[in-house]
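Number of protein chains: 2
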Amino acid sequence: MEPSFLENIEEGLRAAIESRDLAPAIEEAARYALLGGGKRLRPILTLQSCVAAGGSPADAIPAAVALECIHAFSLVHDDLPALDDDDLRRGRATVHRAFSESVAILVGDSLQCIAAEVALESPRNTNLIAKEVLEATRLMIDGQSYDTGGVFRADVTDEETRLRLIHRLKTGALIRAACRCGALAAEAEEEVTARLDRFGTAVGLMFQIVDDVLDETQTTEHLGKTGGKDQASGKRTFPGIVGLEASRAEITRLAGAARNELNSIGSEADPLRELVEFLALRTN
Amino acid sequence: MEPSFLENIEEGLRAAIESRDLAPAIEEAARYALLGGGKRLRPILTLQSCVAAGGSPADAIPAAVALECIHAFSLVHDDLPALDDDDLRRGRATVHRAFSESVAILVGDSLQCIAAEVALESPRNTNLIAKEVLEATRLMIDGQSYDTGGVFRADVTDEETRLRLIHRLKTGALIRAACRCGALAAEAEEEVTARLDRFGTAVGLMFQIVDDVLDETQTTEHLGKTGGKDQASGKRTFPGIVGLEASRAEITRLAGAARNELNSIGSEADPLRELVEFLALRTN
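In order, the protein sequences belong to chains A and B.
Using numbering that gives the first Met the number 0, you'd call the opening residue of the first sequence number 0 and step up by one each time.
Using numbering that gives the first Met the number 0, you'd call the opening residue of the second sequence number 0 and step up by one each time.
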């Protein structure tokens with residue numbers, strides 16, 4: 000496998016769709032949603048976490064592909080008119096705009112299903128990996144519920160706590176699961192899994208705060224999705240609640256916390272270290 | 000366990016939701032969608048297939064609950080305005096009417112996820128059962144794609160073949176999986192599993208043809224869902240293509256075919272035999 004694993008990921012994603020003899024309308028939309036670019040952050044984190052934990056990245060490919068399928072399904076459903084109502088994603092029409100709302104609903108459902116099927120193809124810790132993927136998916140959906148006006152529990156009252164909960168669930172759960180699945184695929188020891196778990200938790204929150212900052216500071220053209228949208232729609236964002244400066248300080252703090260979790264791991268964690276820097280400094 | 004298993008099923012469904020600490024808006028809608036009645040046909044078939052295959056029904060409870068969660072999720076999404084646009088289900092407002100479209104989309108996603116999680120709690124043949132549930136889910140979604148205007152493959156041209164394909168996928172896949180999962184939970188021999196597979200295939204098609212006939216011949220009040228809807232919306236139905244008399248003859252033929260598959264099984268298959276009669280003669 001190549002150091003970046005990008006080709007292996009794309010090949011795994013294509014195979015997840017092509018090996019299943021889907022209904023033509025579902026297959027066409029699944030290709031559009033899943034193979035139309037994207038950073039592939041979650042599968043890269045899975046494969047590099049597996050490497051950092053001393054495993055063989057090939058063993059983590061099913062988990063990596065499964066998590067990207069979940070990510071793609073969540074984007075398709077979140078973009079629907081009844082939810083975030085977005086027309087643009089990765090510089091292209093969203094699935095419901097390119098096809099139809101009914102196709103978007105059905106292909107999202109199908110991608111969620113395919114994700115679980117692929118997770119069950121994991122050669123090691125099969126059930127634990129599938130459970131990890133599914134629990135993260137359920138938490139992500141909870142996060143989207145809170146983020147689209149769903150009531151909070153009575154004890155979650157202040158705005159920053161609510162936003163941190165939303166970020167931990169909606170974005171963080173899948174990124175944390177990506178790192179945990181890498182460790183599970185490597186059959187890592189408990190302590191290593193716990194470190195990669197905390198690493199993923201920090202990276203997940205950092206990633207979303209960077210996203211919030213970019214939404215406030217970048218143009219639509221640069222982002223490839225509608226910029227300023229969170230502000231315009233009155234959504235909670237990190238800079239909206241604590242300000243831009245405090246948001247940037249939190250990004251720096253989380254990047255440091257993530258790096259610290261890798262201290263006991265040698266050069267096999269270098270790709271994860273570089274990824275943290277890249278994600279903290281990214282501009283789209 | 001009671002012979003009818005209905006209490007065990009309801010308890011399993013409640014536990015599937017209550018053990019998961021869902022976001023409040025998701026939990027409320029999940030209760031509404033999952034615990035608001037229904038024939039519980041799929042879980043009953045799972046448990047009785049397990050009994051017919053010589054197993055202990057307790058071992059089939061996770062599969063039974065998982066399949067009912069999938070069924071509930073499919074109803075919630077299929078009722079959405081972008082799909083079948085239904086206001087009434089089991090005599091009550093559909094989820095998107097009682098709550099909102101966004102809640103309906105998210106709770107459907109969550110129920111699909113919970114189904115796979117519960118399937119993975121199966122004590123025997125865990126992975127095979129989870130794969131069975133997931134494959135049937137994916138086929139069911141393919142069926143809904145065809146049923147809502149999705150293109151067919153080039154070799155599926157005539158109307159009856161198309162309708163049989165839709166019925167086999169949209170309704171049949173889950174009912175067949177219910178019977179197969181019962182056999183898997185019983186760790187049945189290959190031949191028994193194959194018999195229950197063919198039994199489920201016949202019952203699934205019969206069930207949907209009965210549904211088509213009822214849609215044409217019964218009132219909305221009697222059905223608890225909008226009657227005459229398939230006709231009004233121009234959907235393919237069995238009586239619409241082959242006529243009422245031929246539909247009734249096909250129901251009789253399929254009931255006989257289903258019964259025949261049970262010939263080598265003794266009185267432990269009596270509940271399945273009674274179920275076939277009940278389903279062939281049901282009026283709502």
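Among the hints, erroneous ones may be present.
Note that identical chains are pooled: a pair holds if it fits in a single copy or bridges any two copies.
Under the rule of at most 25 Å between Cα atoms (straight-line distance), these lysine to any residue pairs were calculated in the SDA-like manner [unchecked claim]:
{"hint": "1", "residue 1": "K130", "residue 2": "D86"}
{"hint": "2", "residue 1": "K228", "residue 2": "N283"}
{"hint": "3", "residue 1": "K130", "residue 2": "E186"}
{"hint": "4", "residue 1": "K228", "residue 2": "D58"}
What the hints contain is simulated information worked out from the structure, not anything from laboratory work.
Q. Should K228 paired with D58 be assigned to within, between, both, or neither, using CA atoms and 25 Å as the limit?
A. For K228 and D58, neither the intra-copy (39 Å) nor the inter-copy (49 Å) Cα distance is at most 25 Å.
Q: Since the copies are identical, ignore which copy is meant and state whether K130 and E186 lie within 25 Å (CA to CA) inside a copy, between copies, both or neither.
A: both (15 Å within a copy, 23 Å between copies)
Q: Classify it for me, K228 with N283: is the Cα-Cα distance of at most 25 Å met within a copy, between copies, both or neither?
A: This pair counts as within: shortest intra-copy Cα distance 14 Å, inter-copy 48 Å.
Q. What label fits K130 with D86 when the C-alpha limit is 25 Å: within, between, both, or neither?
A. Cα proximity of K130 and D86: none, with 33 Å in one copy and 35 Å across.
In this structure, the earlier hints numbered 1, 4 are contradicted, and the remaining ones agree with it.
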